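Peer 1: This is what each chain is made of:
Number of protein chains: 2
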Amino acid sequence: MKEEKPIAISVIKRLPIYYRVLTKLEQKNIETISSGKLAEKLNTTASQIRQDLNQFGSFGHKGFGYQVSSLKKEIGRILGLEKQKDMILVGAGNLGKAIVNYPNFKRRGFNIKAVFDVDPIIVGQEVNGIIIKDVKLLKDFLENNEIDIAIITTPAESAEKFVDIFVEGRVKAIWNFAPISLNCSDRILVENVHISESLLTLSYMIDKKFN
Amino acid sequence: MKEEKPIAISVIKRLPIYYRVLTKLEQKNIETISSGKLAEKLNTTASQIRQDLNQFGSFGHKGFGYQVSSLKKEIGRILGLEKQKDMILVGAGNLGKAIVNYPNFKRRGFNIKAVFDVDPIIVGQEVNGIIIKDVKLLKDFLENNEIDIAIITTPAESAEKFVDIFVEGRVKAIWNFAPISLNCSDRILVENVHISESLLTLSYMIDKKFN
Numbered sequence: 005m006k007e008e009k010p011i012a013i014s015v016i017k018r019l020p021i022y023y024r025v026l027t028k029l030e031q032k033n034i035e036t037i038s039s040g041k042l043a044e045k046l047n048t049t050a051s052q053i054r055q056d057l058n059q060f061g062s063f064g065h066k067g068f069g070y071q072v073s074s075l076k077k078e079i080g081r082i083l084g085l086e087k088q089k090d091m092i093l094v095g096a097g098n099l100g101k102a103i104v105n106y107p108n109f110k111r112r113g114f115n116i117k118a119v120f121d122v123d124p125i126i127v128g129q130e131v132n133g134i135i136i137k138d139v140k141l142l143k144d145f146l147e148n149n150e151i152d153i154a155i156i157t158t159p160a161e162s163a164e165k166f167v168d169i170f171v172e173g174r175v176k177a178i179w180n181f182a183p184i185s186l187n188c189s190d191r192i193l194v195e196n197v198h199i200s201e202s203l204l205t206l207s208y209m210i211d212k213k214f215n
Numbered sequence: 005m006k007e008e009k010p011i012a013i014s015v016i017k018r019l020p021i022y023y024r025v026l027t028k029l030e031q032k033n034i035e036t037i038s039s040g041k042l043a044e045k046l047n048t049t050a051s052q053i054r055q056d057l058n059q060f061g062s063f064g065h066k067g068f069g070y071q072v073s074s075l076k077k078e079i080g081r082i083l084g085l086e087k088q089k090d091m092i093l094v095g096a097g098n099l100g101k102a103i104v105n106y107p108n109f110k111r112r113g114f115n116i117k118a119v120f121d122v123d124p125i126i127v128g129q130e131v132n133g134i135i136i137k138d139v140k141l142l143k144d145f146l147e148n149n150e151i152d153i154a155i156i157t158t159p160a161e162s163a164e165k166f167v168d169i170f171v172e173g174r175v176k177a178i179w180n181f182a183p184i185s186l187n188c189s190d191r192i193l194v195e196n197v198h199i200s201e202s203l204l205t206l207s208y209m210i211d212k213k214f215n
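Top to bottom, those sequences are chains A and B.
Each residue of the first sequence is one higher than the one before, starting from 5 at the first, in the working numbering.
Each residue of the second sequence is one higher than the one before, starting from 5 at the first, in the working numbering.
Since the hints were derived computationally from the structure, they do not count as laboratory data.
Since the structure is predicted, the reported quantities are computational estimates derived from the model, not experimental observations.
In this list, chains with the same sequence are indistinguishable; a pair is considered to hold if it fits within one copy or across any two.
Subject to a maximum C-alpha distance of 35 Å in a straight line, what follows is the list of computed DSBU-like cross-link-like pairs (lysine-lysine): (1) Lys117 / Lys87; (2) Lys213 / Lys117; (3) Lys45 / Lys165; (4) Lys17 / Lys143.
Construct the entire structure; sequences and hints are all you get.
Peer 2: Below, the structure written as structure tokens:
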């Protein structure tokens, strides 16, 4: 592996897709894959894959394709998956609970350390083995725990007020599911998830295919 | 508007982002926006926006920027949002319930007509005014109702078995949240949502910024 220089965000956004497809291949005990076959599974071209991976060093051997496990491991390393990330979640409604129950986090090194909610009916409930805490305890918790990622699954109205608490609590990044784009300071990273965007894409494709 | 020819999927995937940002600007009563300002809000370049929109006809006037409302309306039209899409959802666990409760669907013309689950405890419950039906009634329902989109929020193991039922029931598209990629026939469109991919991107960015 060569030393890494800053990489275009478009490449970074493709790496998780590579990682997912390689994980699936590994689960099927497939040891090597040609660049053409991998490209097909990724809905892209062999040259795009080569170009993306070349930014991180040299993978694969001309004529032999890629070694599934070692490429997966290397991409995992690039994505930082070998270092555990500690997370908290704020907003334990249906979406929050669904995320806490998501089976693949722990396997990939993402560890949900605590879950918070404002609703006295929800506080004290258990979700995936975690007792939901009162959001009043959030500041204290952040003072005493180093958290990498805060997940926001509150309604849109209340999402913004947590940003300051997270910045103050030295949280490194926000993974935001509230239907509002959070724009934060340079002190914290934000990834806004807009679930419904793929529905709009689907709407376009339906009209093109069936009309 | 010119007659439309097939558009690259990368452009189609950007249109929902344009739509979201324009909706937000409209809500703030902003009537016009320069191409530079819009590009900034979209994290892209003015020339990329111009290039994308030019594929659908001519928008904006040199030197005047874009009219927010009319551009939003036009993009909504391209995305097919002016025609109501009828949907069903299968799998009324936490994620399913969260999606049924999502506030922005109806406003954009997406109408959830029925919700199904296999669990006798969940069947009969109400979510956002809809009584959850037994999944045994799904085939019959599809025979008697024209459905555009079926949302799958079941566990991975059970997602695949619904695909045939949807194809037979002339459902046009599947919006799949089960953590498995569904590969279907030409008779049905599939959009697989991989929520955790943006978390892996975030993991990369954390390691770059804080290490």
